[in-house]
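So the chains spell out like this:
Number of protein chains: 2
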Amino acid sequence: MPERVLVYSRFPKSLMLRIGERFDLLDAAGKPPNEVFTAEQLSGVRAMITAGGTPLSGNMMDMMPKLAAIVCYGTGYDGVDLKAAKSRKITVGHSPGANAASVADIAVILLLAVTRRLLVADHYVRSGDWAAAKPSPMMRPQPGMPGRKIGIYGMGEIGRKIAARVAAFEAEVGYFSRSRRDVPYRYFPNLEALADWCSVLMIAVRAGADTHHVVNADILKRLGEDGCVVNIARGSVIDQQALVNALTDKTIAAAGLDVYAREPHAPDALTAFPNVVLSPHIGGHTLESHTAMQDCVIANLTAFFEGKPLPYVVREA
Amino acid sequence: MPERVLVYSRFPKSLMLRIGERFDLLDAAGKPPNEVFTAEQLSGVRAMITAGGTPLSGNMMDMMPKLAAIVCYGTGYDGVDLKAAKSRKITVGHSPGANAASVADIAVILLLAVTRRLLVADHYVRSGDWAAAKPSPMMRPQPGMPGRKIGIYGMGEIGRKIAARVAAFEAEVGYFSRSRRDVPYRYFPNLEALADWCSVLMIAVRAGADTHHVVNADILKRLGEDGCVVNIARGSVIDQQALVNALTDKTIAAAGLDVYAREPHAPDALTAFPNVVLSPHIGGHTLESHTAMQDCVIANLTAFFEGKPLPYVVREA
Chain A
1 MPERVLVYSR
11 FPKSLMLRIG
21 ERFDLLDAAG
31 KPPNEVFTAE
41 QLSGVRAMIT
51 AGGTPLSGNM
61 MDMMPKLAAI
71 VCYGTGYDGV
81 DLKAAKSRKI
91 TVGHSPGANA
101 ASVADIAVIL
111 LLAVTRRLLV
121 ADHYVRSGDW
131 AAAKPSPMMR
141 PQPGMPGRKI
151 GIYGMGEIGR
161 KIAARVAAFE
171 AEVGYFSRSR
181 RDVPYRYFPN
191 LEALADWCSV
201 LMIAVRAGAD
211 THHVVNADIL
221 KRLGEDGCVV
231 NIARGSVIDQ
241 QALVNALTDK
251 TIAAAGLDVY
261 AREPHAPDAL
271 TAFPNVVLSP
281 HIGGHTLESH
291 TAMQDCVIAN
301 LTAFFEGKPL
311 PYVVREA
Chain B
1 MPERVLVYSR
11 FPKSLMLRIG
21 ERFDLLDAAG
31 KPPNEVFTAE
41 QLSGVRAMIT
51 AGGTPLSGNM
61 MDMMPKLAAI
71 VCYGTGYDGV
81 DLKAAKSRKI
91 TVGHSPGANA
101 ASVADIAVIL
111 LLAVTRRLLV
121 ADHYVRSGDW
131 AAAKPSPMMR
141 PQPGMPGRKI
151 GIYGMGEIGR
161 KIAARVAAFE
171 AEVGYFSRSR
181 RDVPYRYFPN
191 LEALADWCSV
201 LMIAVRAGAD
211 THHVVNADIL
221 KRLGEDGCVV
231 NIARGSVIDQ
241 QALVNALTDK
251 TIAAAGLDVY
261 AREPHAPDAL
271 TAFPNVVLSP
281 HIGGHTLESH
291 TAMQDCVIAN
301 LTAFFEGKPL
311 PYVVREA
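Top to bottom, those sequences are chains A and B.
The working numbering puts the first residue of the first sequence at 1, with every later residue one more than the last.
The working numbering puts the first residue of the second sequence at 1, with every later residue one more than the last.
Source of the hints: derived by calculation from the structure; they are not laboratory data.
Because the structure is a prediction, the values reported are computed rather than measured.
All residues carry an ideal CB built from backbone N, CA and C; glycine is no exception.
Misleading hints may appear alongside valid ones.
Stated by the list, open to error - A partial selection of chain B residues facing chain A, derived with a Cβ cut-off under 8 Å:
(1) 43
(2) 102
(3) 131
(4) 182
(5) 183
(6) 264
Claimed, not checked - Beta-carbon label-pair distances, calculated as ranges:
(7) A/14 to B/84: 37 to 45 Å
(8) A/226 to B/224: 17 to 25 Å
(9) B/226 to A/10: 37 to 45 Å
(10) A/210 to B/128: 54 to 62 Å
(11) B/221 to A/271: 54 to 62 Å
(12) A/180 to B/265: 30 to 38 Å
(13) A/305 to B/224: 35 to 43 Å
(14) B/287 to A/31: 48 to 56 Å
(15) A/140 to B/183: 43 to 51 Å
(16) B/179 to A/210: 43 to 51 Å
(17) B/179 to A/268: 23 to 31 Å
(18) A/143 to B/127: 51 to 59 Å
(19) A/14 to B/272: 35 to 43 Å
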């Protein structure tokens, strides 16, 4: 008899197929579990799968009195109340690195699409404006990648992969992270200094209480009027209203976003800009990274039900 | 008194500002020079500037009986009838390498935007479909870059820069060019073998009579139904109708194009596809590459009028 596992966040069904072959999944699909399942059904649940960014409070954990393992699909776990989990002796797992290449790729795609104005360019062709030789101020030549100063905030697995990719475009790479890393890029001791130096800020930091809104109006202003910001980490790291303001009054030039303050909502104030590129949190969304993340989820759940420590455990938890 | 130089192709005025400070430009702006200028005005013209892709026949050269130098803005010179120039003792110059990084960047942008469906993703956010959790078959996970087989056709300066960038994305790189080069990528002895091996074909070959329509229905079919083609070289290298057919009947999955058979026209048959990304021949279109191309044009014209050989001469001419 397969073990029962609650699926807490809303996931496309296709992502749960392999996991569903091994475990008996109760799919709450983004709703509070007690609205979807009876207390009796939930009483036997010892493990759950969640998207790391989805808020998961102690109260929610208490709906499953035997809950002892929270397994995040993906590398993030910022939505999980780790203190609440710890006090309930619930272990927390994730999928470190499984989607690092895929997320780094999206970061670079957003960077390149924003700086070379790809969406404007595609529209210029499709609309017939190119054939009509219609003047387009947005199509004026922009600075390219060689020599461009790219600042990376966060030098974990994703930050490193972003840096390696960006460096191949002959750009200069600088970074800020809590500590200097053994990487061949210029280190800045704080985010302010990095923002003063770079023209593009790539946000690749692990989200948490200490990174909430650290990319604020002041940091954006330091990027300068040619500045761009790219965020593939979590929406919470940027003060989204400050970003809208900075784009509105041209304090910075452009933005590329894969993550937002309240997903799946990108506010109209953002979607109205022609100089932004917006993707629907698809950083980790490749076939290979989903397979790798599922491998981690299955390995974590299998170990848990065998009474072993999770192989991909969140150490802070 | 500055020397008189005919501007043959249609260029944005801003690109000719620096050149216009040194030479007296007669701007035909894409029209036959004899429709814009009198025979007397043209009689004194000894040098001209053209976009390398613009057709330039011997008859056109004969409108300027003293013409002795054709200077191409950019690396290409496929539009220039080199035999006609040679028989008239007209030297031909270009701007080799000046835009290589910029063009390679566009190639990689198109590759990434096509394979990760960036335009579909941006539209999914802006339309509100993401917020409404509307199912979208186009947004299903796709293969990522690590391990992907990227075939590069042509290993000149642009091909090398494409290869270096693509390799940083952890992809496998193979190439075909007329001869094996001293590069750390897998060599294929012909285009058929490269197309059989790769899933994405990047066209970076110098265009000319020998490359006309070499990427034909057969080559496209070899890429397979997950295959993509990216062209940043010249529209003439692909049989554009064969490409439309291959996309229509799903012989290949997608395409990214910066160049077209008849510019500035992208046919409706292409612009109707959601699985293509189209840019308006902006490969070399960055501030730095325009400056570098203008440097080459100015150096070529200055040398010519001083009676010296062109520093950036087309050797085939």
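Hint by hint, here is what the structure shows:
1. 43: With a closest approach of 30 Å, the residue 43 of chain B hint is violated.
2. 102: Nearest chain A Cβ about 5 Å off; hint holds.
3. 131: holds, 5 Å
4. 182: Check failed: Cβ of residue 182 of chain B comes no nearer than 19 Å to chain A, outside 8 Å.
5. 183: Where the cut-off is 8 Å and the nearest Cβ of chain A is about 14 Å from residue 183 of chain B, the hint is violated.
6. 264: holds, 5 Å
7. A/14 to B/84: 37 to 45 Å: Since residue 14 of chain A and residue 84 of chain B have Cβ atoms about 60 Å apart, the given range 37 to 45 Å is violated.
8. A/226 to B/224: 17 to 25 Å: Hint violated: Cβ distance 42 Å, outside 17 to 25 Å.
9. B/226 to A/10: 37 to 45 Å: violated, 28 Å
10. A/210 to B/128: 54 to 62 Å: violated, 33 Å
11. B/221 to A/271: 54 to 62 Å: The hinted range 54 to 62 Å is violated for residue 221 of chain B and residue 271 of chain A, with Cβ atoms some 39 Å apart.
12. A/180 to B/265: 30 to 38 Å: violated, 53 Å
13. A/305 to B/224: 35 to 43 Å: holds, 41 Å
14. B/287 to A/31: 48 to 56 Å: holds, 51 Å
15. A/140 to B/183: 43 to 51 Å: 34 Å Cβ-Cβ, so the 43 to 51 Å window is violated.
16. B/179 to A/210: 43 to 51 Å: violated, 56 Å
17. B/179 to A/268: 23 to 31 Å: violated, 56 Å
18. A/143 to B/127: 51 to 59 Å: violated, 31 Å
19. A/14 to B/272: 35 to 43 Å: At roughly 28 Å between Cβ atoms, residue 272 of chain B and residue 14 of chain A fall outside 35 to 43 Å, so the hint is violated.
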